[in-house]
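Both chains are sitting in their own frames, so use the hints and assemble them into the complex.
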Amino acid sequence: MSAAVQPAAAADTLLAVRDLDVYIGESHILQGVSFGVRRGGITGLLGRNGVGKTTTLRGVLGLIARTGSVLLAGEETTRLATHEIVRRGVAYVPEDRDVFAGLTVEENLRLAERAGAPLRYDLVYELFPELKQRAAQKAGTLSGGQQQMVALARALLNGDNTILLVDEPTKGLAPLVVRHVVDALRRAAEIATILLVEQNLSVAHSLVKDVVVLDQGRVSFTGDVEQLMGDPALARRHLGLAAVGGH
Amino acid sequence: MTTIALLLITGLGLGALYFLIAAGLSLIWGLMRVLNFAHGAFFTVAAYAGWSAGRLAGGASPDLQWLIAVVVAVVVGGVFATLTEVVLIRPLYARHVGQVLVTVGLALATISLVQGGFGSDPQRLALPAWMTNTTTVLGANIPNTRMLVIVVALIVFALLLFFLQRTRFGLIVRAGVENRAMVQALGIDVQRAFTLVFAIGGMAAGLAGMLAGTYYGSIDPGRGSAMLIFAFIVVIIGGLGSVTGSAVAAVVVGELQQFLNFYGAAGVGDFSVVLLLAIVLLIRPGGFSGAST
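Taken in sequence, the protein lines are chains U and W. Mapping to our numbering: the first sequence position 242 is 242, numbers consecutive. Quick note: to get our numbering, add 1000 to the position in the second sequence (first position is 1).
Among the hints, a few may not be true.
What the hints assert, rightly or not - Listed next, the stretches of chain U that the computed footprint assigns to chain W, with coverage defined by at least 3 CB atoms under 8 Å from CB atoms of chain W:
(1) 33 to 46
(2) 83 to 93
To be verified - Computed list of chain U residues with no C-beta within reach of chain W, every gap over 10 Å:
(3) R134
(4) S143
(5) Q146
(6) D183
(7) E190
Said to hold, decoys possible - Straight-line Cα separation of at most 25 Å, SDA-like style, residue types lysine to any residue; simulated pairs:
(8) K138/U to A1158/W
(9) K138/U to F1162/W
(10) K132/U to R110/U
(11) K132/U to Q1165/W
(12) K209/U to A73/U
(13) K171/U to R1180/W
(14) K171/U to Q199/U
(15) K138/U to L1164/W
(16) K138/U to R1166/W
The set of hints was computed from the structure by calculation and includes no laboratory data. Glycine residues also receive a C-beta, built at the ideal position from the N, C-alpha and C atoms.
Same shape as in the complex, but just chain W (with noise of 0.2 Å):
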C-alpha cells in the first residue's frame, strides 16, 4: 500500500509536469495547427534563465530565491515564445513543413547554445528546507517536491479553464480551434489570439522548466527536448486543443509510466506509453476528449 501510494503521487507529480507543456503544446495545435518542436526549448531556455536569477537573488531567502527563479522562468517562457511566433511562425503559418523545419532548428540551437554557456552536466537547484522534507500518506514518505507540482498544475488547470470558458479571448481561441476561419469572418483578428496563445503555452512550459528542475533537484539542457516526447504523446491521447483531455491523458501517462517502470523491466514503462498512443489512435483517433482528429 506505501509504495501504490508512493507510485500514485509521483506518478502524479509526473503528469503534472507533462500538463504544463502539453497544455501550452495541445491549444497551439487546436488554434494554430502549428507542431511546435521548439516548445522544449521554451522549457529548457526558462529553466536556465530562473536557475541563473536564483543564483543572483543569492543574499535572499531560499524560498524568496526559489520564487524569483519561478517568476523569472514563467516570464522568460512567455517572452521567448511571443518572440518565436512574431519572428519566426508568423511568416510560415500557411507552410507546415517551414514551421517543422523552423521550430527543430529552433529547438537544436537552442540546446546547444545552452549547453555552450552552461555545460551539459546537470546544475543542482537550491531549494528551500521545506521542499527536500517529505510528507507521510497513507504510510509512504512522499517528497515535498511531488506534492508542490501537483497543486501549482491543479492552479494552472484551473486558470486556464477560467481564461478559456470565462473570458473573450478564451471564446475566441475555443472557436478557433474550431473553425478558425470563420472566426476571422466574424471580424476578429485571429493573430493576435495566435500570440497570446504561444505566449501563454511559453509561460506554462517556463514553468514546468522551474518546476522539474524543482522536482528532478536539478536542470540540465536535455531535458526539455525528453519530456516534449512525452507531451507530445500527452496532446495526442488528450485530443489535440483540449487542455482538459490533456489534463486527463497526462495523469494517465504519468501513472502508466512511474507504476511500469517500477513493476516491470527498466524502459518498460516508457515503451508502454508508446504502446497506448498506439492504442487510442486505433480506437479513439480523436483522443480521450475526440476533439479533433
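Extracted from the complex, chain U is given alone in its bound form (with noise of 0.2 Å):
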C-alpha cells in the first residue's frame, strides 16, 4: 500500500473523505476509505469492478448511509442531507447516467438550474450543440451517448459547482462518443475539480493525474497515475492482468 493513503492535509485539498464505512445489508462495502481530491484537474478513483467506487461516489453525496467523516473545503457534509451537499457545490454524473427519461431534454437541465447559481448555458451548448437541437426530446428516446450529454450538462450547468463526481462516464459508448465526453471532461477539468471512476484505463490514464485505488472497500494505493501505469508489476497488482494489457 502506498504511504499516501492518508488523505491529504494540504490547504488545496478540496474533498477529504476519512474512515468512510458503509454497510448495505450484511454486506460491509466500504471499510474505513480514505483519500483527498486536490483542488483543480481530474483525480482518478479506481479499481476491479465491485470494489466500491460507485458506493464510495453515492456515500459523499450522502445516497447512502455512511459514517464516517467527509470534508468539503473543511466542512463536515456527513450531517447534511443530499441536496444540502449538492448545493455546497457538488455535481454528480452517475454510472447509468439516470436522465429522466419521461422529461425533455430542456427540462432535464433546467431541473438541474440552481437558483442563484450563474447557469453556463454557452458552454452546455458549445460542448453539446446536438443537445440544443434535440431540446424538445424526450431524453429516454436519446441514444446512450446522448444521454451522457445530457448528464455531463446537467453537472455543468450552475457556475458554482466546485466539484464533480463522475461515474463511468465513456461505459458502453462508441468510441467516437469516447473522444467527445474526453474533450469534455478535460474542457470541464480547466473550471472545476473532476472525481472520476472510470475503467476503461486508457481513457483514465489521458485525464488524471492522481489516482486513488480501491480493493475491496479499501485504498489500496493513492499516488500520481505515472507512478502506478508506469509500473507494470504494480499496475498489475492494484488493478488486475487487464489493466496491463489494456493500457
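See below:
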C-alpha cells in the first residue's frame, strides 16, 4: 500500500474522505476508505469491478447511509442531506446517466438549474451542440452517448459547482462518443475539480493525474497516475491483469 | 338510448369521483412510494367539516352554503393531509410496513371518531335547488349533480396537468416519480415536494368528499373507505404515478360499474372491476400508462 493513503491535509485539498464505512445489508462494502482530492484537475478513483467505487461516490453525496467523515472545502458534510451537499457545489454524473426519460432534454437541464447560481448554458451548448437541437426531445429516446451528454451537461450547468463526481462516463459508448466525452471532461477540468471513476484505463490515464485505487472496500494505492501505470507490476497488483494489457 | 345516455353520464360522474381520489393517491405513490390508506380519512373528515361549515352558514343562500362547504372541505382535506405527512409519514419514509400500519390505523381511528361525533347514519346535505333538478340529454333526465361532478373533475384534471407540465414543482414531481434519488442529487429538496403532493392529494380528496355528498345527497362515515378501494384499483389500472392514466382508468371503472350493475345481477359491476384489474395486471403490469410497475 502506498504511504500516501491518508487524506491529503494540504490546504489545496477540496474533498477529504476519512474512514468512510458503508454497509449494504450484511455486506461491509466500504471499510474505512480515506483519501483526498486536490483542488483543480482530475483525480481518478480506480479499481476492479465491485470494489466500492460507485458506493464511495454515493457515500460522499449521502445517497446511502455511511459513517466517517467527508470534508468539502473543510466543512463536514456527513450530517447534511444530499440536496444540501449538492448545493455546496457538488455535481454528480451517475454510472447509468439517470436522465429523466419522460422529461425533455430542456426539462432535464432546467431541473438542474440552481437558484442563485450562474448558469453555463453557453458552455453546455458549446460542448454539446446536439442538446440544443434536441431540446424538445424526450431524454428516454436519446442514444446512450446523447444521454451521457445530458448527464454531463446537468453537472456543468451551475457555475458554482466546484467538484464533479463522474461515474464511468464512457461505459458502453462508441469510440467516437468516448472521444467527445473525454474532450468535454478535459474542458470541465479547467473550471472544476473532478473525481472520476473510470474502468477504461487508457481513458483514465489520458485524463487523470492523481489516482486512488480501491480494492475490496479499502484504499490500496494513492499517488501519481504515472507511478501506477508506469510500473506494470504495481498496476497488475492493484488493477489486475487486464489493466496492464488494456493500457 | 335514453337509458344508455343516463348510464354513460352517471358512470362518468362516478368516474369523476374516483379520479379525484385516485389522482392524489397516484402522485403520492409515484413520488413517495407511500401506500396511503388514510386517503379515505381525508375524504371523510373533509366531507364532515364541509357539511358542518355549511350548516353553520345556515343564514346564507343555499348556493353560498354549498360553496362554503366545498371550500372548507378542500382546505380541511389539504391541512389534514399535510399534518399526516409531516407528523406520521415523514419519520417512516424508509419503513413501508410502518407506513401501512400507521395509515391503516389513522383511517380506522378517524372513521371511529367521526362515527362517535356524528353518528353512523347518513347526514343529508342541503343542496341548492338547481342541483336537485335534472337536465335532459339525448332524452334522458340527468341529475345536475352528475354534470357538476364531471365538470369539477375536468377542471381539477386540467389544473393538475397545468401544475405538472408548466410549473417547476410539477417538473420536480414528474422527475421524482421517475428517480427520486437523482432529483436529490441535483440539489433539490424532495421533502418539500412530498409535502406539497400530500397537500394536493388531500385537497382533491376533500373536494371528492364534498362532491360525493353532493352526488349521493348525503355523507356518511364509511363512504371514504368504500370509495378508496375502487380508487386504488383505478390507480393501479391507470398506472402508478400517472394522473392521465388515473383519469382514463377512472372513467373505465365508473362506466363498467354503472352498466354492469344496471344490466347484470347485483354486485356484478363491482366484481367486474376487480376482474378488469386482474386482466390489466396480467396483460399490462404497468397499467394503462405503463409509468411504473
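* Asked: Does K138/U pair with F1162/W here, judged by a C-alpha cut-off of 25 Å?
  -> The hint holds at about 19 Å.
* Counting residues of the stretch 33 to 46 of chain U with a beta carbon closer than 8 Å to any beta carbon of chain W, are there 3 or more? -> violated (count 0)
* Asked: Given the hint that K171/U pairs with R1180/W, does the C-alpha gap stay at or below 25 Å?
  -> Holds - the C-alpha atoms of R1180/W and K171/U are around 23 Å apart, at most 25 Å.
* To do: Just double-check D183/U for me: nearest Cβ-Cβ distance to chain W has to come out over 10 Å.
  => 24 Å, holds
* Minimum Cβ-Cβ distance from E190/U to chain W exceeds 10 Å -> 22 Å, holds
* Asked: When you look at the beta carbon of Q146/U, is every beta carbon of chain W farther off than 10 Å?
  -> Label holds. Min Cβ-Cβ 17 Å, cutoff 10 Å.
* **Given hint Q199/U paired with K171/U - CA-CA distance at most 25 Å** => Cα-Cα ~8 Å, so holds.
* Under the criterion that the straight-line Cα-Cα distance not exceed 25 Å, is the pair K132/U, R110/U satisfied? -> Judged against 25 Å, a Cα distance of about 13 Å means the pair holds.
* Asked: Does the alpha-carbon distance linking K138/U and A1158/W stay inside the 25 Å limit?
  -> Roughly 22 Å separates the two Cα atoms, so the pair holds.
* To do: Taking the shortest Cβ-to-Cβ distance between R134/U and chain W, state whether it exceeds 10 Å.
  => Since the minimum Cβ distance to chain W is about 18 Å, R134/U lies beyond 10 Å and the statement holds.
* Going straight from one Cα to the other, do K209/U and A73/U come out at no more than 25 Å? -> 20 Å, holds
* Holds or violated: the stretch 83 to 93 of chain U covered by chain W, criterion of 3 or more residues with Cβ-Cβ distance under 8 Å? -> holds (count 4)
This entry does not satisfy hint 1, going by the numbered hints stated previously; all others are met.
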